[in-house]
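> Protein chains in written order, with the working numbering: chain A, 1 to 130; chain B, 1 to 130; chain C, 1 to 130; chain D, 1 to 130.
No lab work stands behind these hints, which were simulated from the structure alone. Fair warning: there could be bad hints in the mix.
Note that the list lumps identical chains together, so a pair holds whenever it fits in one copy or between two copies.
Distance condition first, Cα-Cα at most 16 Å in a straight line; then the derived EDC-like pairs of lysine to aspartate or glutamate [said to hold, decoys possible]:
no., residue 1, residue 2
1, Lys-97, Glu-114
2, Lys-97, Asp-23
3, Lys-115, Asp-23
4, Lys-115, Glu-5
5, Lys-37, Glu-9
6, Lys-37, Glu-94
7, Lys-100, Glu-9
8, Lys-81, Glu-114
There are 4 protein chains.
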Amino acid sequence: MKHTETFFERDTYARHTGIELLDVGPGRARVRMVIGKVHANSHGTVHGGAIYTLADAAFALASNSYGIPAAAINATIAYMKSARSGTLYAEATEFSKNPKLATYTVEVTDESGEKIALFQGMVYRRTPRQ
Amino acid sequence: MKHTETFFERDTYARHTGIELLDVGPGRARVRMVIGKVHANSHGTVHGGAIYTLADAAFALASNSYGIPAAAINATIAYMKSARSGTLYAEATEFSKNPKLATYTVEVTDESGEKIALFQGMVYRRTPRQ
Amino acid sequence: MKHTETFFERDTYARHTGIELLDVGPGRARVRMVIGKVHANSHGTVHGGAIYTLADAAFALASNSYGIPAAAINATIAYMKSARSGTLYAEATEFSKNPKLATYTVEVTDESGEKIALFQGMVYRRTPRQ
Amino acid sequence: MKHTETFFERDTYARHTGIELLDVGPGRARVRMVIGKVHANSHGTVHGGAIYTLADAAFALASNSYGIPAAAINATIAYMKSARSGTLYAEATEFSKNPKLATYTVEVTDESGEKIALFQGMVYRRTPRQ
């Protein structure tokens with residue numbers, strides 16, 4: 001999906017955060033982030049904002065995978081476990097979609113498969129009338 | 001509050017995102033972010049992850065303002081309006097607090113006072129027994 | 001606001017739950033619920049679903065106060081404190097509104113003003129084009 | 001699971017709402033609600049509060065399935081589609097659990113399997129120290 005790779009290349013803040021695209025398809029995406037010093041919060045673990053941004057990058061790729069611009073209108077994240085080192089993965093799945101609104105879930109796991117966070121987000125699309 | 005300034009200095013990812021501490025007090029905090037090229041998403045507006053991280057930084061400062069470590073367990077963000085340039089502000093307010101759990105709201109506005117996002121988050125604290 | 005009173009009279013499930021309309025205006029509403037045996041959950045306190053329904057009734061009144069049908073698309077609720085008896089109040093406030101999407105917050109308190117829950121919800125409106 | 005059936009029998013508000021227990025096991029539960037006149041909102045479709053209560057009942061059963069009291073601390077619901085008649089089902093699944101906090105997802109579907117709502121909730125447990 002050439003379109004989607006270009007889409008991710010333009011995602012400056014995701015790349016500033018060290019996020020890499022692994023895989024994308026219709027309504028789904030997978031990204032990763034190798035934990036570095038830059039991701040630390042004041043407690044020395046990975047920042048909630050970095051984990052959210054990882055999940056959000058997968059959500060944006062999945063919801064924009066049809067070539068129609070989708071804007072996030074809200075999202076919820078639950079944090080299960082703090083992370084300190086290694087690689088984090090986020091996998092976005094489309095739960096439902098109608099012409100205007102669509103809902104996605106994103107699971108964030110570490111490299112041993114431990115659950116780090118669960119994200120649920122909604123987008124609004126201006127699907128062109130035909 | 002010396003403690004809180006040190007707390008913010010250790011928040012590497014917030015500083016990597018360009019967030020600055022403006023003001024902090026018991027159960028409240030205010031931060032800002034001058035929008036730069038680094039904050040862009042694929043649509044050319046400020047990334048939802050950067051807006052979340054701004055809100056989250058205020059939330060972390062407010063919830064850790066008592067000197068007892070507080071860990072975010074979940075958060076919700078609603079996005080009202082996209083932002084392109086200028087400065088964004090986030091202001092966190094404590095809504096409620098008991099020995100273990102506390103809830104905060106964070107409003108994100110731009111420099112003309114327009115509402116950009118509304119954030120609601122919960123922390124868990126291991127308040128020492130006495 | 002005759003329209004709004006009729007709107008509430010048609011809200012069968014809110015009335016089945018014992019919710020009463022106190023006050024409504026553009027983008028805001030206040031309702032109450034006298035706690036009865038019917039509201040109990042398995043722990044003997046007021047059911048999370050009843051508290052949510054109370055908040056949701058205020059949210060529906062506030063978001064439909066302009067006479068344009070508004071449909072809830074999502075909501076988040078945080079519970080602070082359990083309730084056992086007396087009266088609960090929910091007050092909805094409009095946080096932001098554009099032609100399609102609007103966000104409301106609802107505070108649920110008991111009769112001594114203690115915070116019981118905090119609700120944040122979003123609606124979608126098919127505002128007629130002119 | 002005798003304990004769980006008794007637990008559900010004591011859930012007065014869920015039964016007031018017409019919810020029936022179908023199945024429960026460790027960390028999971030399934031309930032249903034035959035849509036009646038009582039569930040209507042002002043628009044004539046099933047009330048968001050009734051759909052939330054259905055999801056919440058499954059969440060409560062799943063999170064209390066271990067015999068240790070679990071209190072909901074927050075929840076998010078996204079609504080996909082309105083429902084008018086027939087039967088709604090809610091199925092709760094445990095996403096993660098530690099001694100204090102656990103996260104569940106609940107899918108609400110209608111009798112033809114159409115997605116009606118997606119719920120994500122967190123509980124706090126006072127797991128006894130040993």
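> Does each hint hold? Answer for all of them.
Against the structure, the hints come out as follows:
{"no.": "1", "hint": "Lys-97 / Glu-114", "in the structure": "between (29 Å within a copy, 11 Å between copies)"}
{"no.": "2", "hint": "Lys-97 / Asp-23", "in the structure": "neither (20 Å within a copy, 29 Å between copies)"}
{"no.": "3", "hint": "Lys-115 / Asp-23", "in the structure": "neither (20 Å within a copy, 26 Å between copies)"}
{"no.": "4", "hint": "Lys-115 / Glu-5", "in the structure": "neither (27 Å within a copy, 30 Å between copies)"}
{"no.": "5", "hint": "Lys-37 / Glu-9", "in the structure": "between (23 Å within a copy, 14 Å between copies)"}
{"no.": "6", "hint": "Lys-37 / Glu-94", "in the structure": "neither (32 Å within a copy, 30 Å between copies)"}
{"no.": "7", "hint": "Lys-100 / Glu-9", "in the structure": "neither (26 Å within a copy, 30 Å between copies)"}
{"no.": "8", "hint": "Lys-81 / Glu-114", "in the structure": "within (8 Å within a copy, 31 Å between copies)"}
The structure does not agree with the numbered hints 2, 3, 4, 6 and 7 stated previously, though it agrees with the rest.
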